[in-house]
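If you're matching them up, the sequences are chains A and B in order.
Each residue of the first sequence is one higher than the last, beginning at 5 in our numbering.
Each residue of the second sequence is one higher than the last, beginning at 3 in our numbering.
Among the hints, a few may not be true.
Dumping the calculated DSBU-like pairs for lysine-lysine here, alpha-carbon to alpha-carbon at most 35 Å [unchecked claim]:
no.	chain 1	residue 1	chain 2	residue 2
1	B	33	A	629
2	A	179	A	224
3	B	93	A	234
4	A	463	B	33
5	A	129	B	72
6	B	147	A	129
7	A	425	B	33
8	B	147	A	234
Worth flagging that the hints you see were computed from the coordinates, not collected in a lab.
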Amino acid sequence: MFLHNIGIIPGSTKSSSSISDERVITNLSRRGFVVGSSLFVVGVALAGCSSYEEPKIDPNAIELPEAGPSPLTEVKGGDATPALWIAIEESGTVKITCHRSEMGQQVWTSMAQIVADELEAAWDKVEIVQAEGHERYGDQNTDGSRSVRYNFHRLRVAGAAMKQMLVEAAAVYWKMKPSECSASQGLVSNNQNSDTLSYGNLAKLAARLQVPEEADVTLKDPKDWRYINKEIPSLTIPRITRGEGTFGIDVDRPGMVHAVVARPPQLFGKTGAVRDADALAIPGVLQTVKLPDPSAPALFQPLGGVAVVATDTWAAIQGRSALEINWIDGPNASYDSETFAEQMKQTARRSGTVRRKRGNVASDLASAAQKIEAEYYAPHLSQSPMEPPAATAEWDGDKLECWACVQDPQATRQTLSDLLKIDKENITVHATWLGGAFGRKSKPDFVVEAALIAKEVGKPVKVTWTREDEVRHGFYHSVSAQRLEAGLDADGKCTSYLHRTVFPPIASTFVPGMDVPTDGEMGLGATDVPFAMPNLQVESGNAKGHVRIGWLRSVSNIYHAFAVQSFAAEMAHAAGKDQKDYLLELIGDARTIDPNAEGATYPNYDASLEEYPIETARLTNVVNKVSDMAKWGRKMPAGHGLGIAVHRSFLSYIATIVEVAVTPEGALTIPGVWLAVDSGTVINPRHTRAQMEGGTIYGLSNALFGEITAKNGAIVQENFPSWRVLRMEEAPRAFEVEIVKSNSAPAGVGEPATPPAAPALANAIFNATGHRIRTLPIIGANGSRLTLPTKATAQAEE
Amino acid sequence: MTTTLNINGKTETVDAAPGTPLLWVLRDHLKMTGTKFGCGVAQCGACTVHVDGSPTRSCITAHDSLGDAKVTTIEGVTGNAADAIREVWVKNDVPQCGYCQSGQIMAATALLAENSSPSDEDIDVAMSGNICRCATYMSIRRAIKEAAG
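Just need the whole structure built from these sequences, with the hints factored in.
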C-alpha cells in the first residue's frame with residue numbers, strides 16, 4: 005500500500021521520513037521542485053503498447069539555462085513554489101506536503117486533492133508528508149475553519165506550475181513545443197505519436213527549469229476537475245482501521261520516560277510544600293520535577309505544579325496520586341461560577357457599550373405595540389477531544405525536538421522559544437495526527453511541560469494528560485449572559501431589536517485584566533446579525549476571566565446563535581406567526597450587509613467583504629431548502645416538534661431543523677435532523693457531510709449536557725461521568741445533509757454546523773412542549789438519559 | 003513482576019508492576035499503540051479490546067488478572083466480522099479523527115460476531131459505551147447495518 009510510507013511516524017531511527025523529507029526540501033534552493041532520492045531505473049510498460057518502452061532520461065545530458073528564483077513566492081494565500089509542496093520520486097511517488105494539522109477534518113485528503121488535481125497526478129501515487137512547524141509554509145494554525153480557504157488558490161497554482169514544468173521537460177527531451185505535449189495521470193504524452201514520459205522519469209529534468217510566472221500558469225476549468233469536488237476516499241482512514249497512524253499520545257522515542265503532572269486546582273494558584281516520598285516509593289516512579297508557577301497573563305504557559313516521571317504512564321499516574329502537595333490559593337480562589345453568572349446577568353440588564361447601531365432602538369422600544377425581552381445563559385464548556393493533550397520532548401544539547409498533537413506547530417515553536425529562552429532555530433516541532441482538537445490543541449502549554457520536564461530529566465519525556473487533567477485544567481469556552489429586547493408593531497412585525505452580550509473575552513487569557521469583548525468575538529454572531537428591522541443595536545458588557553478562556557469549535561457563535569435564533573422564535577411566537585416565516589421576514593430582502601456601515605468593527609473571519617460578503621439571499625436559500633427537506637409545516641404527532649435556526653459563520657451559511665419527541669414523562673429523543681449548507685466551492689462532499697453531522701452533534705451535546713462549573717476557583721467536573729457528552733443512544737435517528745451547489749469561493753466547514761444546532765433544538769422543544777429553554781445546558785450531567793426538567797414535563801402533559 | 007500474556011495469538015512476556023492495567027502494558031511496554039487511552043475509568047470505550055472474544059475495557063483490566071485468556075487488539079483482530087466492519091468503515095469514510103475508532107471497531111466487531119443483523123436498539127446497547135467527540139455515530143450506525151447486510 006502506498007500509505008505505508010506516509011511521513012509522520014517518529015520511528016525508532018532518528019531520521020523519520022518526515023524529518024528526511026523536510027531536509028530534502030530545505031536543502032534545495034527554492035527555484036524548482038524537489039526530486040526524491042530513491043534511485044532506481046524507471047521502466048514503464050504500458051498495457052497495450054508493448055512496442056513502446058519509455059526511455060530513461062539522463063537529465064545531466066541535456067543543457068539548460070540556469071533557472072532564476074521562483075516567481076510564485078507571493079501569490080494569493082502565500083508561497084506557491086512547487087518545491088515547497090510537492091516532491092516527485094523516480095518511482096513516480098508524488099509526495100505532497102500538508103502544512104495543516106490532520107485532526108479528523110481530512111485535511112490530508114483535501115489538500116492532496118487540490119494539488120494532485122492541478123498536477124494531474126495519479127491518485128494512487130500520492131503520499132502525504134506532514135510539515136514541521138515553520139514560517140516557510142505560511143499560516144499553519146489549523147483553526148478557524150480556513151485550511152481550504154487560505155490555501156485553495158496557492159495549492160492549485162503550485163500543482164499547475166509543476167505540471168507545466170513536467171510538460172516543458174518532456175518537450176525539451178522530445179525537442180518539441182510544450183503545446184504539442186499534454187499531461188494526464190502522471191504521464192506526459194507526445195500528441196504527435198503515442199510516446200509517453202512518466203513524471204518520475206521527468207522530475208529531475210523538470211527541476212532544472214524555470215518556475216513559471218503566475219500569469220503563465222493555467223488553472224483547470226472547474227468542469228475538468230478530477231479530484232476537487234469529488235468523493236475521493238480518505239488517505240488516513242484505511243490506516244485507522246488497522247490501529248496504525250501516530251497520534252501525539254502514541255509517540256515513542258528511544259529511552260523515553262513517561263510523565264503526568266499534578267497542577268494547582270486554581271489558575272495562578274501556587275505550589276507550596278511538596279512531599280514526594282510515597283510517590284517515589286511506587287514501583288516504576290523515577291523522580292519528581294517541580295514546575296515553575298506561572299504569572300499573569302496566562303498566555304500558553306503551563307500551569308505549574310509537580311511532574312511525576314516514571315517508566316510507564318500508569319506508574320506516573322499512581323505516583324501522582326501519592327503526592328502530598330500544599331496548594332497555595334491565588335487570585336482566583338473565590339471564583340464561583342454560580343455567583344459569577346448572577347453578576348453577568350446583572351451586567352446584561354444595564355446599558356452596555358454600543359457595538360453596532362441602526363436607527364433608534366430606545367425610542368422605538370418605548371412606543372412599540374408589543375415589547376418582548378428574554379435573557380439567556382450558557383456555561384463554560386470543555387473541548388474534550390478524545391485524545392487528551394500529549395507531547396514528547398527530546399533535548400540534544402541545546403537543541404529541542406518535540407512531537408505533539410498541536411493545531412499550530414508554529415505557535416508551539418514560538419512559545420517554546422519564548423518560555424525556554426532558546427533560539428527558534430534550535431527547535432523542531434512535529435505535528436502528529438490529532439485525535440480531535442476542537443480548539444484545545446491550538447494552545448501548546450502541554451508541549452512546554454514536556455520540554456521543561458525533559459530538560460530536567462535528561463531523557464526524552466512524554467507528558468500525557470489524563471481525562472481529569474483535560475477537564476479540570478483547560479482553556480474553557482467562555483461563559484455568557486445575554487439579554488435581548490424587541491419591539492413589534494400592531495401587525496407583529498419587528499421594528500426594533502436590542503442584543504446585549506456579556507462574556508469574559510478570550511483576550512483575558514493574553515492581556516492582564518482584559519474584560520472587554522473583542523471585535524472578533526462580537527463578530528461571531530452578534531454584530532453580524534443579518535436582520536432587517538429599522539432599529540437595531542448590539543451592545544457588549546464587560547466580564548473578567550477567572551479561568552483560562554480559549555477557543556472551542558465555533559467559539560462565540562455558540563452562545564450568540566443560541567440567543568439570537570431562540571429569540572427569533574420567541575418573536576415569532578409573540579407575533580403569532582410561523583417560526584420559519586418569521587425568520588425569513590427578519591432576514592428580509594436579498595441584499596448584502598456591511599456591519600461596518602453601522603458602527604461595527606467587523607473582521608468577517610479575516611476575509612474581505614468584497615470576496616465574502618454577508619449575503620441574505622444565501623441565508624434565505626438554506627432556510628427554504630432545509631424546510632423542504634424536513635417538510636416544515638407538516639402535522640406533527642403528539643409530543644413532537646420541529647425547530648429551525650439559520651446562521652452564517654466562518655463564511656458559510658447553514659440552516660438546521662431538529663425534530664424532537666418528548667414523552668409525557670419528559671423523555672426526549674431526536675428522531676431527525678435536517679441541514680442545508682452553502683459553503684461555496686466544496687473540495688470533498690464526504691468531508692462536508694461529516695463535518696455537518698459532527699458539528700451539529702457537538703452543538704447538541706453541548707446544549708443538552710455540557711457544563712463546566714467552578715467552586716473556589718477550581719473546576720468541579722472531573723471526567724466523562726460528571727462532564728457529560730452525547731453518546732450513540734442519544735444521537736439523532738436520522739440526519740440529512742444537503743450541500744448547495746456553488747461556485748463561490750470556498751468557506752469553512754469544520755465549525756459552522758455547531759452554532760445553529762442548539763437554537764434549533766431549543767425551538768423544537770418549545771414547539772413540542774411549550775417550554776422555552778433560555779439556560780444551557782438543557783439537561784446537564786445528572787439528568788437520567790434524555791429527561792427534560794420537570795417544568796417542561798408538566799407543560800408537555802397539558 | 004514478569005507476566006506472560008496471550009496477545010493476538012502470540013505469547014508476550016512483560017515486566018510491569020502488579021495491577022498495571024492492560025491498556026498501559028499494551029501501549030507503553032509492548033508499543034502496541036492502536037488501543038487508545040480516553041478516560042481511564044471505563045466510560046469512553048477508546049481502550050476496548052477483546053478478552054476471549056468479549057469487548058473489554060483495557061484501562062480497568064489488570065494485566066496480571068488475565069491468566070491465559072486470549073487478548074485481541076485492533077492490530078490483530080481478524081475474522082469475518084472484523085473484515086466486514088473494516089470494509090464498510092473504509093468504504094464509507096466512517097472515522098473522522100480516528101482516535102476512538104479502534105474501540106468502535108472492536109465493539110462493532112464483537113456485536114456483529116454475536117448478532118448478524120442488529121437493530122437500532124442492539125446497536126445502541128453495544129455501542130453506547132464508546133464515545134466519539136467527532137460524532138461519527140450516524141456513520142457508525144449506517145455502516146454496521148451495511149456490514150450486516
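Which of the listed hints are not met by the structure? Of the numbered hints given earlier, those the structure breaks are 1, 5, listed in rising order.
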